[in-house]
Amino acid sequence: MQKLGEFKLPHFFNYPPYFTLQPVRDTREKQVQLWKDLILDYCRTQKVFVIGLEEEFPLFSNPIIGRSLTHEAREAFLSALVADGRAEWMDKGHRKCLILWHRIQEWAEILVQFARDNGLEDGVVTMEEIRFGTESQGTELQGIDQTILNRALKILEQKGKLVVFKGTSTDDEGVKFSL
Amino acid sequence: MSGNFLPPVQLTASGRPVLQRNEVECFYLSSVDLISEDEPTNIPFPNLKSGLLILTSHRLLWISDSSSSESTGAFAVPLAAISHIFSHKKSIKSMFASPRIRFQLSLTPDGRVSGHGLRSVVATIVLRGKGDCDAFLAKFWENWRTRAWEDDGPAPGSSSNSGSAPASSGIYSSDGTVRMVGVAGILRKEQEMWESTDKSLQDAFQDLNALMSKAKEMVMLAEKMRQKLLSGSTSQTNASNDEEMGTKEEMQDWLLSVGIISPVTKESAGAMYHQQLSRQLADFVKVPLERAGGMVNLIDIYCLFNRARGTELISPDDLLQACFLWEKFDVPVVLRKFDSGVMVIQNKSHSDEEVFTKIKVLVMKPDALRAGISASDAARTLGVAPAMAKEHLLSAESKGLLCRDISPDGFRFYINLFTEIDRDDLHLVKDHGIYATWVRANHAPQ
Chain A
1 MQKLGEFKLP
11 HFFNYPPYFT
21 LQPVRDTREK
31 QVQLWKDLIL
41 DYCRTQKVFV
51 IGLEEEFPLF
61 SNPIIGRSLT
71 HEAREAFLSA
81 LVADGRAEWM
91 DKGHRKCLIL
101 WHRIQEWAEI
111 LVQFARDNGL
121 EDGVVTMEEI
131 RFGTESQGTE
141 LQGIDQTILN
151 RALKILEQKG
161 KLVVFKGTST
171 DDEGVKFSL
Chain B
180 MSGNFLPPVQ
190 LTASGRPVLQ
200 RNEVECFYLS
210 SVDLISEDEP
220 TNIPFPNLKS
230 GLLILTSHRL
240 LWISDSSSSE
250 STGAFAVPLA
260 AISHIFSHKK
270 SIKSMFASPR
280 IRFQLSLTPD
290 GRVSGHGLRS
300 VVATIVLRGK
310 GDCDAFLAKF
320 WENWRTRAWE
330 DDGPAPGSSS
340 NSGSAPASSG
350 IYSSDGTVRM
360 VGVAGILRKE
370 QEMWESTDKS
380 LQDAFQDLNA
390 LMSKAKEMVM
400 LAEKMRQKLL
410 SGSTSQTNAS
420 NDEEMGTKEE
430 MQDWLLSVGI
440 ISPVTKESAG
450 AMYHQQLSRQ
460 LADFVKVPLE
470 RAGGMVNLID
480 IYCLFNRARG
490 TELISPDDLL
500 QACFLWEKFD
510 VPVVLRKFDS
520 GVMVIQNKSH
530 SDEEVFTKIK
540 VLVMKPDALR
550 AGISASDAAR
560 TLGVAPAMAK
570 EHLLSAESKG
580 LLCRDISPDG
590 FRFYINLFTE
600 IDRDDLHLVK
610 DHGIYATWVR
620 ANHAPQ
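Note that the protein sequences, when read in sequence, are chains A and B. When we follow the working numbering, the leftmost residue of the first sequence carries the number 1, and every step to the right adds one. When we follow the working numbering, the leftmost residue of the second sequence carries the number 180, and every step to the right adds one.
Just chain A, same shape as in the assembly:
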């Protein structure tokens, strides 16, 4: 089985037409679908939150068959993710894409669960701890992208589930839950 790092690649990753944007509508739909799923799978398992279109993203090339996705193709597949609410463009030029294998809402729920799991219903915790602390190790929160975390926290803040406070520096940013 072919691997990309730790990630197990499916057989069709070696199918050359997979890397050519298909013009026929039905075929294109299927192709897009497969790419969306593959991107999300990969990002989830490899904890990739941002894809830069002009950077080397390993999933977009297959050296074994000598094929790579064109810029047009990459943009097409990522746009499809954006349309699904599974990604967001970070800039107008569509150069960077924020991948949301969990939607923001889902992240919010994960945070709430995290708080509950760790007895933090009324507790305070720093951003750093959420992202890299011992409690988050092994969980999905480990290594979460700052932007995504902020967005999730904001939603919860609006619901009154927590309060975000800034410390003297970014390292001191923290959260007070009130679940």
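Quick partial rundown of chain A residues pointing at chain B, CB under 7 Å, derived from the structure:
hint, residue
1, 11
2, 12
3, 20
4, 22
5, 24
6, 30
7, 67
Heads up, simulated DMTMM-like pairs for lysine to aspartate or glutamate below, C-alpha to C-alpha not over 20 Å straight-line:
hint, chain 1, residue 1, chain 2, residue 2
8, B, 578, A, 29
9, A, 176, A, 122
10, A, 36, B, 601
These are computed hints drawn from the structure, not numbers from a lab. Note that the Cβ used here is the ideal one computed from N, Cα and C, for glycine as well.
The hints should help you fit chain B onto chain A, whose structure is shown.
Then chain B, alone, in the frame of chain A:
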């Protein structure tokens, strides 16, 4: 004595013979003897040596050469008096001797040359000069046969063979008409001919002018009809217009019969020209179609057809019109336009399904599973031109049979696997099926 035998020829001051009315000179021979080789009888045929022989439409004129002292004078043999001309027999003897032409003259009882005589004598023309004997003989025959003298009415002084003919000098003859004398006569004749031609041309042109003005009316009438036809056909017909349609068709037929091509070509069955062209084209394409495996590019047909025609080349638009008309006839060929815009002519019997089956077989071969197929590969298998093969591949792709692969290696096609892949389990490969076959082909040791 010889004066009585052969009628004399009147000469002008410069020695030119005076010709009779309508007499035309035809041939000249110099250094000619005019003698009779018959046994000497009491026929006093003159012995004319070394003179100029002039063949005219009416007579044979012999004019003595002024440098010759043997014979003098000028005499004529009326062609009317000749009863026979002998053919020129070539023999060894004649090759070394001067050519001779013999003819039979009829004579009156008292020895005068005449057309109605009972007696005859054979005369001989001896050509001692450089003249072309055969050409002369041919002309001699011709003139004798033509009997131009019979066309003339009685003319003053033409049959007189005595020396008392009226004075021949001066341009006017005794009855006041201008004499057709010599070169001046020829010129005058020409002039009169031109004048009469001119007059008849002018008359003809009068008629032509009348015709032209009529033609203008005809053109205006045709134009009116044309407008009527066009306006009637654009406003779409309903039931109540059926009658009108009938007469419109009649009008169209009438226009066609006078050779005007109908302006309503798209809606009608088409002008006669296009109909005929269409049928001709359908016949013509049979052979190229067969050779090309059932499908030929329209541009290729255009070239082939025009080349075959040689002249009367057709325009690309004519070709298109001819192809469109095939819908209306029962011909075994059709014009087909691919999504890419390429237009081809193919047999009606052509089955896309058959082609797709062939393509599927080709694309499932191990080599094709590993590396796909190109248009050239398909061309070889299908027996068609690569451009046609590409159209077939694109067709198959649009049907979901194939997928394209564009890379620095080129433009290739593979069997469509996307339909086989399970969305919910990206890693699943069913045991049987195209996907499994493909996986095997790609993982087998090379």
